[in-house]
Structure formats: C-alpha cells, structure tokens
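Given next are the chains, with one letter for each unit.
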Amino acid sequence: MKIIRDAFLIVVLTAIFALLINALRNATGLKGLAMDTPWPDNRQKAELEIPPSYSEGDSLISLEQAYGMFLQGNIIFIDTREQEEYDEGHIAGALNLPFEFWDDYWEYVEPELDPEIEIIAYCEGFDCELSLFAARELKSLGYEKSYTFFGGWQKWVDAGLPVEETVYDDEGDYEEYYEDEGQDDEEEE
Amino acid sequence: MVKTFLEKKQILLISRIVLGGLFIYSSIDKIIDPLAFATIIHHYRLAPPNMINFAAVVIPWIELIAGVFLIFGIRLKASALTINLMLVFFTVVLAITAFRGINVACGCFSTSTAVKSNLVIRIIEDFGMLALGLHVMFFSKK
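In order, the protein sequence lines correspond to chains U and Z. Per the numbering used here, residue 1 is the first one in the first sequence, and the count goes up by one each step. Per the numbering used here, residue 1001 is the first one in the second sequence, and the count goes up by one each step.
Note that these hints are calculated values from the structure, not bench results. There could be a bad hint or two in this list.
Label-pair restraints from in silico Cβ distances [unchecked claim]:
{"#": "1", "chain 1": "Z", "residue 1": "E1007", "chain 2": "U", "residue 2": "K31", "range": "36 to 46 Å"}
{"#": "2", "chain 1": "U", "residue 1": "G73", "chain 2": "Z", "residue 2": "F1089", "range": "27 to 37 Å"}
{"#": "3", "chain 1": "U", "residue 1": "Q72", "chain 2": "Z", "residue 2": "M1001", "range": "47 to 57 Å"}
Chain Z side only, calculated, beta carbon under 10 Å to chain U, not exhaustive [stated by the list, open to error]:
{"#": "4", "residue": "D1033"}
{"#": "5", "residue": "V1057"}
{"#": "6", "residue": "V1058"}
{"#": "7", "residue": "G1073"}
{"#": "8", "residue": "R1075"}
{"#": "9", "residue": "K1077"}
{"#": "10", "residue": "A1080"}
{"#": "11", "residue": "S1112"}
{"#": "12", "residue": "A1114"}
{"#": "13", "residue": "S1117"}
Quick reminder that beta carbons are idealized off the backbone N, C-alpha and C, glycines included.
Generate the whole structure from the sequences, applying the supplied hints.
So, in structure tokens, the structure goes:
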C-alpha cells in the first residue's frame, strides 16, 4: 500500500510542480504553454471534405492541420473572400486576397509572401471553392507550399479559434484588433 | 536460477538506468516545447479538449521525475510503479489509435511531427520497457 501511496504522491507533487514551472515560464516569456490555448474537439473521426472541383495536385488540409500550423507560426493565411467579409472577421493574422479581384490586391499581398513559407488559403464555407482556385494560382506563381483549407472560415469559427476584425480609425487607415474567442466557446459548453 | 540472476544488484541497476534513461530522454523535448506536445496529443483525437493543456504540461515532468527517481533509487518501487502505469496507459492509447486507423506522429520520444510513427512498433517497444519496469518493481529488495 505504501508503494501505491508513494506513487500517487510522486504524480500529484510532480503535477503541481509542473504547473508552477509552466506558470513561471509563461510569466517570464520562456515559452510555456498558455493554459487557455483552445483545442477544437476532434474526437469524432472527421472525414476531410473534398471540394467538388478537387483534382490531383491540390493540397487539402484539415482544421486541425491548419490550426497546428497556426500555432507553430511562420505561415500565412490568405482570406480569399471579399474585403467586406474579411473586415467583419477573419482568421487572426490572415491577409486579404479576394480571388475575384486578384490583380487589385496582389501588389499588397505579394511582398508578404515567401516561396519557402507555407500558405493556407481559405474562404467562407463548403459552398465556396475560391480557396482552391487561389491555392492553384499561388502554386503556378511559384508558391509551391500552398494549401486549401476547405470550409475554412465556417470551420474555424465553429471551433472557436482565434479571429480578428479590421477596425478603421478616423483617417481611414485600418488596424487589426485581436480577439480570442476560444475561451468563451469553451465556457459555453 | 533465473530469479537469483534477476535479483542481482547489477542487473537491476541496468534495467533502472536503461528505463529511467529512456524516460528522461523522452521527456526533454516535450518539456522544452509544450505547445508542440499539446498539438501531438490533440492529433490523437482522443483527449477531451479541456484536458489537453494540462496533460501536455504535466505528463513530461512525471516522465522526467519518475525516470530520475528510478535511476537514483529514490522511492524505487513507487517510481517503477508510476512508470509502469504510464507505459500501460501509453500502450492502450497507441492500441486504440492504431485500431481507429489514425495516422499520427507518436510524440513518444520527441515532439517531431515530420515522421508518422509505426504504432505497432511503438507498442512492442512499450512492452519491452514494461518488462524492465516490472523487473525493477518486483525484484528490487527495498
């Protein structure tokens, strides 16, 4: 019995110690784990939805892959919806490149891109394939690491992952406001 | 005769160093980068979302501390029990994941996601380590 008690103590005390160390790392910027990092519930096995126009050579990624890359950083999200929709809310850090007005926006987006960095294109939901076409276009322009996150915005919002909206100030310049919806979502459940 | 062999101090020490060393080694990557480990846990599609952060922070430290205790003989049988229970838990998780046909980076020894793991081999490894852990737990004198 003493062994079981000791093992229990080892686990509990270590857990407390680990949480304290983690809090300390977060407080000092030493790459701890934010304990409120949101994780979409993926326990039900989800099939990867395939866009109707899918063909070989298109690279599809799932919500969890997209979120994993988002957390790691060093990737760029491309929002292919129109600016109005983008302004109302988009994946945190995403750039706006409306597929239907590609040429108007490309000059602003291109300097932000790098062929070495992975690019994830998304649009509204499952009835929108602009992200697929945008990823193809990007690939043809030499950005080989371009992916389509099909069902993107809808899936992202449903999972309660970080989004932001564009807020215009008085001079017409805009600034990004970050809002983390992840926590609220968890509390609702 | 096998029993006296297994009860030899030197033989027990080898088991402790190998098993404890593996646990220490496997904990380092996860402690350095808890976010990467949390992502791996998430990819198993098994953990309740609100448990993932907690598990990612706590599990690697338990691996480390139990491994150190095992090597240095601190609360030897209790740390062997802790390690054995973890191994059983990991094996069950891997078996469920293999059964569900989910292709996942193991996160067993590192937080690299570059290579998808052969879960069957990982399960066999777990049984090997469990043998060491049971050896320490049942043949140590103290």
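Tested hints:
1. Range check, Z:E1007 to U:K31: about 45 Å between beta-carbon atoms, so the 36 to 46 Å window is met.
2. Separated by about 31 Å at the C-beta atoms, U:G73 and Z:F1089 satisfy the suggested range of 27 to 37 Å.
3. For U:Q72 paired with Z:M1001, a C-beta distance near 54 Å keeps the hint of 47 to 57 Å intact.
4. Given the 10 Å rule on beta carbons, the hint for Z:D1033 holds: about 7 Å separates it from the nearest Cβ of chain U.
5. Against a cut-off of 10 Å between C-beta atoms, the interface hint on Z:V1057 holds, since the closest Cβ of chain U lies about 5 Å away.
6. This hint holds: Z:V1058 has a C-beta 5 Å from the nearest C-beta of chain U, less than the 10 Å allowed.
7. Contact between Z:G1073 and chain U, as hinted, is not supported at the beta carbon level, the nearest pair being about 13 Å apart and thus beyond 10 Å.
8. With 10 Å as the threshold, the beta carbon of Z:R1075 comes within range of chain U, its nearest partner Cβ sitting at about 5 Å, so the hint holds.
9. Satisfaction of the interface hint for Z:K1077 is found here, the shortest Cβ-Cβ separation to chain U being roughly 5 Å, below the 10 Å cut-off.
10. With 10 Å as the threshold, the beta carbon of Z:A1080 comes within range of chain U, its nearest partner Cβ sitting at about 9 Å, so the hint holds.
11. Nearest Cβ of chain U to the Cβ of Z:S1112: about 12 Å, over the 10 Å cut. The hint is violated.
12. About 12 Å separates the beta-carbon of Z:A1114 from the nearest beta-carbon of chain U, more than 10 Å, and the hint is not met.
13. Taken as an interface hint, Z:S1117 does not check out: its beta carbon lies about 16 Å from the nearest beta carbon of chain U, beyond 10 Å.
Comparing the model with each numbered hint stated earlier shows that hints 7, 11, 12, 13 do not hold.
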